[in-house]
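*Asks:* Work the whole structure out from these sequences, hints included.
Chain by chain, the residues run as shown.
There are 4 protein chains.
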Amino acid sequence: MKKNRNDLFRKQLYVIIFRSDTPAGKLFDLALLVFILLSILSVFLESVASVRARYGHIIHVFEWLFTILFTVEYALRIYSSHRPWRYVFSFYGFIDLIAFLPTYLSLMLTGAQYLVVVRALRLLRVFRILKLTRFMYEGNILRAALRASLYKIVVFLTSVVTLVTIIGTLMYIVEGEDSGFTSIPVSIYWAIVTITTVGYGDISPQSPLGQFLASILMIIGYGIIAVPTGIVSVEMARATEEAKRKCPHCHHALHSPTDKYCAHCGTRV
Amino acid sequence: MKKNRNDLFRKQLYVIIFRSDTPAGKLFDLALLVFILLSILSVFLESVASVRARYGHIIHVFEWLFTILFTVEYALRIYSSHRPWRYVFSFYGFIDLIAFLPTYLSLMLTGAQYLVVVRALRLLRVFRILKLTRFMYEGNILRAALRASLYKIVVFLTSVVTLVTIIGTLMYIVEGEDSGFTSIPVSIYWAIVTITTVGYGDISPQSPLGQFLASILMIIGYGIIAVPTGIVSVEMARATEEAKRKCPHCHHALHSPTDKYCAHCGTRV
Amino acid sequence: MKKNRNDLFRKQLYVIIFRSDTPAGKLFDLALLVFILLSILSVFLESVASVRARYGHIIHVFEWLFTILFTVEYALRIYSSHRPWRYVFSFYGFIDLIAFLPTYLSLMLTGAQYLVVVRALRLLRVFRILKLTRFMYEGNILRAALRASLYKIVVFLTSVVTLVTIIGTLMYIVEGEDSGFTSIPVSIYWAIVTITTVGYGDISPQSPLGQFLASILMIIGYGIIAVPTGIVSVEMARATEEAKRKCPHCHHALHSPTDKYCAHCGTRV
Amino acid sequence: MKKNRNDLFRKQLYVIIFRSDTPAGKLFDLALLVFILLSILSVFLESVASVRARYGHIIHVFEWLFTILFTVEYALRIYSSHRPWRYVFSFYGFIDLIAFLPTYLSLMLTGAQYLVVVRALRLLRVFRILKLTRFMYEGNILRAALRASLYKIVVFLTSVVTLVTIIGTLMYIVEGEDSGFTSIPVSIYWAIVTITTVGYGDISPQSPLGQFLASILMIIGYGIIAVPTGIVSVEMARATEEAKRKCPHCHHALHSPTDKYCAHCGTRV
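The listed protein sequences correspond, in order, to chains A, B, C and D. Residues in the first sequence are numbered from 1 upward in steps of one, following our numbering. Residues in the second sequence are numbered from 270 upward in steps of one, following our numbering. Residues in the third sequence are numbered from 539 upward in steps of one, following our numbering. Residues in the fourth sequence are numbered from 808 upward in steps of one, following our numbering.
What the hints contain is simulated information worked out from the structure, not anything from laboratory work. Incorrect hints may have been included.
[Stated by the list, open to error] Chain C residues, not near chain A, derived (Cβ > 10 Å throughout):
hint, residue
1, Tyr593
2, Phe629
3, Thr648
4, Gly739
[Said to hold, decoys possible] If we take Cβ atoms under 10 Å as the criterion, some of the chain A residues that face chain D in the derived model are:
hint, residue
5, Val155
6, Ile166
7, Thr194
8, Ile203
9, Gly223
10, Ser233
11, Val234
Beta carbons: idealized from backbone N, C-alpha and C, even for Gly.
*Replies:* Given below as structure tokens:
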């Protein structure tokens, strides 16, 4: 009998913690989101020197409160889960764990407390919580397009890395240490800053030959941005196409999720 | 009788102020555009220290003249409108109001007078005035494409914000305060500057590990610009396509030039 | 008789100067290209202080030689042309004129001699000279796509200019003169530098609120680059489609200019 | 008999060195990759002043070991190849040669040793070694799309170079030497830095007119990035499409999945 009541409690806990289709479950998830946001905010504030000087103690207390809260939540999740190990080794299980570990680590390791911003990853639950199937649908198309682009993008990135290595080294030889090109790794860093069109300007070529080489690198970078864009556009178009609903009669793709008739054969769908 | 004449006057006023298909209406709208441009120019000039020193008084007078003019215009618009409240709470009604409010506010609040540049929004009328239906048509396609991309772009931006938060924090830990990464919010600001390839260079990593992390962030930023571009391209292609043919029965746009049935009501076209 | 010989000479001159399908015409055009390149190079060199100090006199002499050469060429073009006025008021006629005018202007106006780099525009003839019909074909597709995108891009740019005006003014109020935001025009300049992701860093926000506003502007700029790209991609796809050859039998578009058979009905084309 | 054994040895060597479908061949290729990576790493490390000061001698010894290793490998490749000259003049033969030449050159020429980073090009073998035919396939699509875009991109780049020359010169006249625009070539370098949205900020306009011109250049640069992107997107879509089906008779790729005849030989498919 007691086992049964225990089971019932676990089941209720499961519905509250893991699902969001009951009022209690929704409330739990919303409260969780608020706590996550507050705890991230407190980490941000603690890192600002002037705030830390005045409110450091209070923030510290809050930080530990949030950590204990998330630890308890993690324990309850394991307890109420049907298959605890499956949860522990799942994507969200891992994120839930690293959301409170850094605070404990900070007892031994200075600076570790800032790592709790990985809690930001927990905010990704927001889509699940709000039951936004539309977001899931769009997210799936995005993911499908990116996965389909993967091979082409690996080929592209390998070429970029090779190019950046060679031009970075050339610039090291041409410019020398006076212009800030102090070593080949630094020159490669500069080449990445340039080819991605970020252009900090902390290191920039001074000699005419260096500026000429840099100009070529910039124009290449300006041009080849077109390549990943072209890849993703094509795959996105295909993924959008494939995600379409099909007509049950003529198997022609439907144009939008809200269509009521097949545009090809007029069948009601 | 007097009421009738009054009514006629209001009707004429309405045609002049709200419409632009009569010579008087066109003249009114053009004059308005010129006054808006002049008043924005005067705000620009007032902000330049050397000009303010010499011509500050004259500019000030002009600023009040423009403000009174726009206030009178606003009153006349309410007076001549059929449904005044509908105008007041419309998009353009709101813009017309905030176009002169800041000057009155500046009597109490220093700096508020510069806010009158929101008048720039009134310039958007130019498309309506020039009766450029072509522009309306193209603007609608643009808007449709952006609205259709909305969900995907929200998913995309959420991922970018999460990424920027985590890498910003890592950089704060790695680089420390000497390189300008004085707090986590500042580091996140730097991460946004970097991932969007703006790259001011006021803050830039100095340590090898920081430069390595920054390189990864740059390459990610360089690569994922492809994602919104791909999204918008695909939606733009679809919106352009959809803007083409309409169903003769329900006036719902047909999806493609080869459709044989309206996808909305099933009518053969 | 003399008139006839004169006519013949003009005709021959016309073939040499205006056309490039005879050996003499080709030689003339190639020589012209070389002279244009040399004259641009001499302008470049004159602007370098160290070179000007040593070789200024020689460069000056060459500059005048080139100018006289181009003046004579212009006179001969007018003389040999069938319809001189048509040439004078044509695009190339105008470019040919402004290619030598600045040197004469420099007698009265210091600095005007550098304007001769507009000669670079004359280099665009290279496509015509090399008879690269393929380039003409591709250039036409590009031009058609850009012309078709024009309306959408005007709508887009108007929105960007409005946005930049308002955010520029906000930053002027928020940041003030200490951070380099010395006037509204300068702040708008900064907003353009930011939204286009150029990011010089000569002016950059220092206050938290300013950095927050700047972050939003950057993310907007990062996102809306997708808009012109999407526009041009769609129009480019359409222009490429429309430029295709059609099958004489079934009017189905051919896939490439080198196809020998219609892919739809198998007709030889 | 001896010749036969010699032949057998050469054959075995060929299989090990040139192919990667036997365990020995795979091992050889993997070991080679590791050595290439290590040698590149040693070049990187040597360029860092602090590392060179302490470990310069050891790195030097390693550098020569790697060079001798690659020289021996090159000799063995020539020896075991069926058609040695064909290998020598092939793309990979050339890369294999320039991978060790710079070290010998460095005996006479200071700085030449850094050129060995061209070894990075040898890493491109990784795709061949891992037998990733998928990568080859995707690489081919990328290459086909870029080749098809070539003409359009040449037209585009010619326009960009002309624009940059003219605006660079204008800025030299407008800004003068005080703002860093010391000569026309330097101003053109600045214009490239700006139009590609890199924006180092080492040179930036100070006068109102210069900032106005720069703003126009930035907006142009921001807008025309759409052009190469549009070009590549369209060609990428076409190349992906074309890579799909082949004609059973002439093995020419079919243009679209709906083609009924091969566009090359007219065979029905």
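*Asks:* Does each hint hold? Answer for all of them.
*Replies:* Hints versus structure:
Residue-level check passed: Tyr593 of chain C sits 16 Å from the nearest beta carbon of chain A, beyond 10 Å. Listed as outside the interface, Phe629 of chain C is consistent with that label: its C-beta sits roughly 27 Å from the nearest C-beta of chain A, beyond the 10 Å cut-off. Residue-level check passed: Thr648 of chain C sits 25 Å from the nearest beta carbon of chain A, beyond 10 Å. A beta-carbon of chain A comes within 10 Å of the beta-carbon of Gly739 of chain C; the shortest separation is about 6 Å.
Here the hint on Val155 of chain A is kept, as its CB sits about 5 Å from the closest CB of chain D, short of 10 Å. Checking Ile166 of chain A against chain D: minimum C-beta separation of about 6 Å stays under 10 Å; hint holds. The closest approach between the C-beta of Thr194 of chain A and any C-beta of chain D is roughly 6 Å, which is under the 10 Å cut-off, so the hint is satisfied. Annotation: Ile203 of chain A was flagged as interfacial toward chain D, and the flag holds, the nearest CB pair being 9 Å apart, inside 10 Å.
With 10 Å as the threshold, the beta carbon of Gly223 of chain A comes within range of chain D, its nearest partner Cβ sitting at about 5 Å, so the hint holds. Because the smallest distance between the Cβ of Ser233 of chain A and any Cβ of chain D comes to about 5 Å, under 10 Å, the interface hint for this residue holds. Taking 10 Å as the C-beta cut-off, the interface hint given for Val234 of chain A holds, the closest approach to chain D being about 5 Å.
Hint check: a violation occurs at hint 4 only; the rest are consistent with the structure.
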